[in-house]
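Assemble the complex: chain A is given as a structure, and chain B must be docked to it using the hints.
Number of protein chains: 2
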Amino acid sequence: MNESKRITPRTLKGFRDYLPEAMLARERLIDTARQVFRSFGFVPIDTPALEYLEILSGKGGEESDKQLYKFQDHGGRWVGLRFDLTVPLARFAAQHLTKLGLPIKRYHIATVWRGENTQRGRFREFMQCDFDAIGVHSTAADAEIVLVINDLLTALGFQEFTIRLNNRLILSGLLERLGLADKATTVLRVLDKLGKVGAEEVESLLVSEAGASASQAAEIKHFAQLAGENESLLHEAEPLVGRSAAGAEGIKKLSELLSALLDGAGLPPERLKIDFSIARGLDYYTGSVFETYLDRLPDIGSVCSGGRYDSLAGLFTSEELPGVGASLGVDRLLAAMEELHLLEKPTATAPVFIPFFEKDRLQDYLRLAAALRRSGIGVELYPEPVRLDKQLKYADRRGFRLALIIGEKEFQTAQCQVKDLKTRGRTEVALDAGYSALISAIKQVLAC
Amino acid sequence: MNESKRITPRTLKGFRDYLPEAMLARERLIDTARQVFRSFGFVPIDTPALEYLEILSGKGGEESDKQLYKFQDHGGRWVGLRFDLTVPLARFAAQHLTKLGLPIKRYHIATVWRGENTQRGRFREFMQCDFDAIGVHSTAADAEIVLVINDLLTALGFQEFTIRLNNRLILSGLLERLGLADKATTVLRVLDKLGKVGAEEVESLLVSEAGASASQAAEIKHFAQLAGENESLLHEAEPLVGRSAAGAEGIKKLSELLSALLDGAGLPPERLKIDFSIARGLDYYTGSVFETYLDRLPDIGSVCSGGRYDSLAGLFTSEELPGVGASLGVDRLLAAMEELHLLEKPTATAPVFIPFFEKDRLQDYLRLAAALRRSGIGVELYPEPVRLDKQLKYADRRGFRLALIIGEKEFQTAQCQVKDLKTRGRTEVALDAGYSALISAIKQVLAC
Numbered sequence: 001m002n003e004s005k006r007i008t009p010r011t012l013k014g015f016r017d018y019l020p021e022a023m024l025a026r027e028r029l030i031d032t033a034r035q036v037f038r039s040f041g042f043v044p045i046d047t048p049a050l051e052y053l054e055i056l057s058g059k060g061g062e063e064s065d066k067q068l069y070k071f072q073d074h075g076g077r078w079v080g081l082r083f084d085l086t087v088p089l090a091r092f093a094a095q096h097l098t099k100l101g102l103p104i105k106r107y108h109i110a111t112v113w114r115g116e117n118t119q120r121g122r123f124r125e126f127m128q129c130d131f132d133a134i135g136v137h138s139t140a141a142d143a144e145i146v147l148v149i150n151d152l153l154t155a156l157g158f159q160e161f162t163i164r165l166n167n168r169l170i171l172s173g174l175l176e177r178l179g180l181a182d183k184a185t186t187v188l189r190v191l192d193k194l195g196k197v198g199a200e201e202v203e204s205l206l207v208s209e210a211g212a213s214a215s216q217a218a219e220i221k222h223f224a225q226l227a228g229e230n231e232s233l234l235h236e237a238e239p240l241v242g243r244s245a246a247g248a249e250g251i252k253k254l255s256e257l258l259s260a261l262l263d264g265a266g267l268p269p270e271r272l273k274i275d276f277s278i279a280r281g282l283d284y285y286t287g288s289v290f291e292t293y294l295d296r297l298p299d300i301g302s303v304c305s306g307g308r309y310d311s312l313a314g315l316f317t318s319e320e321l322p323g324v325g326a327s328l329g330v331d332r333l334l335a336a337m338e339e340l341h342l343l344e345k346p347t348a349t350a351p352v353f354i355p356f357f358e359k360d361r362l363q364d365y366l367r368l369a370a371a372l373r374r375s376g377i378g379v380e381l382y383p384e385p386v387r388l389d390k391q392l393k394y395a396d397r398r399g400f401r402l403a404l405i406i407g408e409k410e411f412q413t414a415q416c417q418v419k420d421l422k423t424r425g426r427t428e429v430a431l432d433a434g435y436s437a438l439i440s441a442i443k444q445v446l447a448c
Numbered sequence: 001m002n003e004s005k006r007i008t009p010r011t012l013k014g015f016r017d018y019l020p021e022a023m024l025a026r027e028r029l030i031d032t033a034r035q036v037f038r039s040f041g042f043v044p045i046d047t048p049a050l051e052y053l054e055i056l057s058g059k060g061g062e063e064s065d066k067q068l069y070k071f072q073d074h075g076g077r078w079v080g081l082r083f084d085l086t087v088p089l090a091r092f093a094a095q096h097l098t099k100l101g102l103p104i105k106r107y108h109i110a111t112v113w114r115g116e117n118t119q120r121g122r123f124r125e126f127m128q129c130d131f132d133a134i135g136v137h138s139t140a141a142d143a144e145i146v147l148v149i150n151d152l153l154t155a156l157g158f159q160e161f162t163i164r165l166n167n168r169l170i171l172s173g174l175l176e177r178l179g180l181a182d183k184a185t186t187v188l189r190v191l192d193k194l195g196k197v198g199a200e201e202v203e204s205l206l207v208s209e210a211g212a213s214a215s216q217a218a219e220i221k222h223f224a225q226l227a228g229e230n231e232s233l234l235h236e237a238e239p240l241v242g243r244s245a246a247g248a249e250g251i252k253k254l255s256e257l258l259s260a261l262l263d264g265a266g267l268p269p270e271r272l273k274i275d276f277s278i279a280r281g282l283d284y285y286t287g288s289v290f291e292t293y294l295d296r297l298p299d300i301g302s303v304c305s306g307g308r309y310d311s312l313a314g315l316f317t318s319e320e321l322p323g324v325g326a327s328l329g330v331d332r333l334l335a336a337m338e339e340l341h342l343l344e345k346p347t348a349t350a351p352v353f354i355p356f357f358e359k360d361r362l363q364d365y366l367r368l369a370a371a372l373r374r375s376g377i378g379v380e381l382y383p384e385p386v387r388l389d390k391q392l393k394y395a396d397r398r399g400f401r402l403a404l405i406i407g408e409k410e411f412q413t414a415q416c417q418v419k420d421l422k423t424r425g426r427t428e429v430a431l432d433a434g435y436s437a438l439i440s441a442i443k444q445v446l447a448c
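The listed protein sequences derive, respectively, from chains A and B.
Be aware that the first sequence starts at 1, since it is given in my numbering, and climbs by one per residue.
Be aware that the second sequence starts at 1, since it is given in my numbering, and climbs by one per residue.
Mixed in with the good hints, there may be bad ones.
Just so you know, same-sequence chains aren't split out, so a pair can sit in one copy or run between any two.
[What the hints assert, rightly or not] Under the rule of at most 30 Å between Cα atoms (straight-line distance), these lysine-lysine pairs were calculated in the DSSO-like manner: (1) K70 to K13; (2) K66 to K273; (3) K273 to K221; (4) K13 to K66; (5) K13 to K390; (6) K196 to K99; (7) K13 to K99; (8) K66 to K5; (9) K99 to K193.
Honestly, the hints are just simulated from the structure, not real lab data.
Because the structure is a prediction, the values reported are computed rather than measured.
One chain only, chain A, in its complex shape (with noise of 0.2 Å):
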């Protein structure tokens, strides 16, 4: 090849390749992610990359459009990159409903873009992993939804977190007592950003926003930072905005899902924190709203939120379909993993190691690394017959637990030097015919 032909490999700003290592924590996160969901029942689903531009565009506000990667397919079609999971669920329910009925359970974890502003330290390709129950009113669902978040981060290593709970009804109670109620969207969208711009700031976006009052500023901004135990911040909101039937049902539908989650399920009390402020952004939500914060990381921002929703397709078809669903923030996890140090960092897939050095003997390793495999031991044999500490150095790189050393002198002899990566510790174990000695011998090392 011309040199000056040469291209320069290099991805897209905002995109990224995964190495080995990070990859392999990614596909941990998600391994465990799956688990969960399924130890409750939710199925996998899996939709297009691309979809049609008037499906995509159909329900994103300006922001997500200008976002949206578009553009015209061979047969002039406008199409575009899907830009969340949330607006292909909905074309996927409405279009799927008859044949799959209601319930429907399902987690749906794949890659989504974003044409953003890559400078506020935002990818343009990143994964969503989202799990939701839909055709579902019960507070049954919005628990079990609360109760994945918990599962999910306990399974991942996680000790130290808080589920932030409120309900979007009791934020209506108090906008409609303030006779604010025509401004909800935009005093929620403001109220969203109390955990970034600060209280006072919110305040006084607003007035200058939202067209509220000082005092009806205050008032929000008051009652946005009640804390307390939850039981007395329940007493405490009932006449803020109990005379409202909106408010009232939000009072008692918060109180069921606590009880449901604490006397019922048994999560530990301190889990769960009642929070006024948590509005999430989106007009979409309806009732129970959740956002998740590690205690040790809290500027990291919600690693999983969501809520309740009153229809999810209603750009598609003309069936209700009320339900209730939470997205967990893949690239926030695995950063927190790493600063906790919950990440494994070897990146040896298989326990065991076997040098491959004496060139004439690659059939002697292959019977043994079939024999091993063949009893439930992963083994990688290095694949070049290249100088043996050349290769006891890509081992040491890799993380391997064991490495089996066996040369010209132990073929003849029958034996098998086991090496010990960890406590560099060495054994020597027989090779009789059926590797029984040597196998039980990895198995002991490798349940420890």
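Only chain B this time, still in chain A's reference frame:
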């Protein structure tokens, strides 16, 4: 929502939704593949769906250029959706070589897009599942790729399949002897069609397209159709190709590979068959080539193909990167598993179903479900307190193994009806404080 504003929910031609049943099958296939890859020490990577157009179209011929989904992004850059995982691997290897070192043994399971004519029953979006060892010269690596194919198909439940092997150098030797070396690319492309169009058609295409004489075409046809025991085929080929250095090397390498697989790793001899017609269309292959056929479904074509190449990434780096790899046909395998009844039908992802039909008992149902999950038993609690018969119909449709029927009477007497949805049998089990009797009863059924 105004009826007239509603958007018809639909997917683009050539694109598919995966409903739960299909998605579960895909997840199981991919999980199995990953387990096998890992048991050989392969590690996962991922690359972006979108790449600079020059990277994607640099290597592909005109055909893949036409099929490329390409467009200008928000910054006016020409970009495209990846159409295979080979070009991204080449770019990835060149870009990260220094960091990763050699050898690189990676697997990559990801979606690719091609704007193909869907009339041929092809999809425009599909998954590829590739595995390669890069930076390796030894036959050990070729053998390992074939062993992965064998273990993978076995793990998926296939029992009768044949891996057909050849070496490009043998065909080079033949063409050298016939004085057709300069037409090798076209000859191999024609030969690759043998399975589809038949030997007579190949013979005439060799004349009309590759410019072979009638007697040259006849010799190639004869050679490609040689059949018999592997040993005798090697002997038969020897005089026909062995006088050229390439041909002799090809025979030697193929013979070495067979010994490694049979005498070393102990593959059943009937699984491996030399087939001199295996050419693989791409000019890229330079050594071993292989294809895999299901004996009971030969017509679906090869379900896993690959081979050895001298230079993976010449377009992106001056580093020589020889390697060997293969690609699993995910769609073909899923279709075959469906046809051979190797797919599990139930879409229940948890074994136990709990109907929720006493609406004031949500906390009790949640307590039980949480206890079962803590003991490792997956449980789906129906999310809505509707009529029991409706819930049991749902459970039947989903294919749960057990249903735990607990109404007001059962709660009061601390009893639970365990219904085996397979045998239709019912037993009564006491609900003690820790549910220990129930947990062991369930585990006993699930262990069967």
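Results of checking the hints against the structure:
1. K70 to K13: both (17 Å within a copy, 17 Å between copies)
2. K66 to K273: neither (36 Å within a copy, 56 Å between copies)
3. K273 to K221: Only inside one copy: K273 and K221 sit 18 Å apart there, 76 Å across copies, limit 30 Å.
4. K13 to K66: both (17 Å within a copy, 25 Å between copies)
5. K13 to K390: neither (36 Å within a copy, 52 Å between copies)
6. K196 to K99: neither (43 Å within a copy, 37 Å between copies)
7. K13 to K99: between (41 Å within a copy, 20 Å between copies)
8. K66 to K5: between (36 Å within a copy, 22 Å between copies)
9. K99 to K193: Neither, since 41 Å and 41 Å both go past 30 Å.
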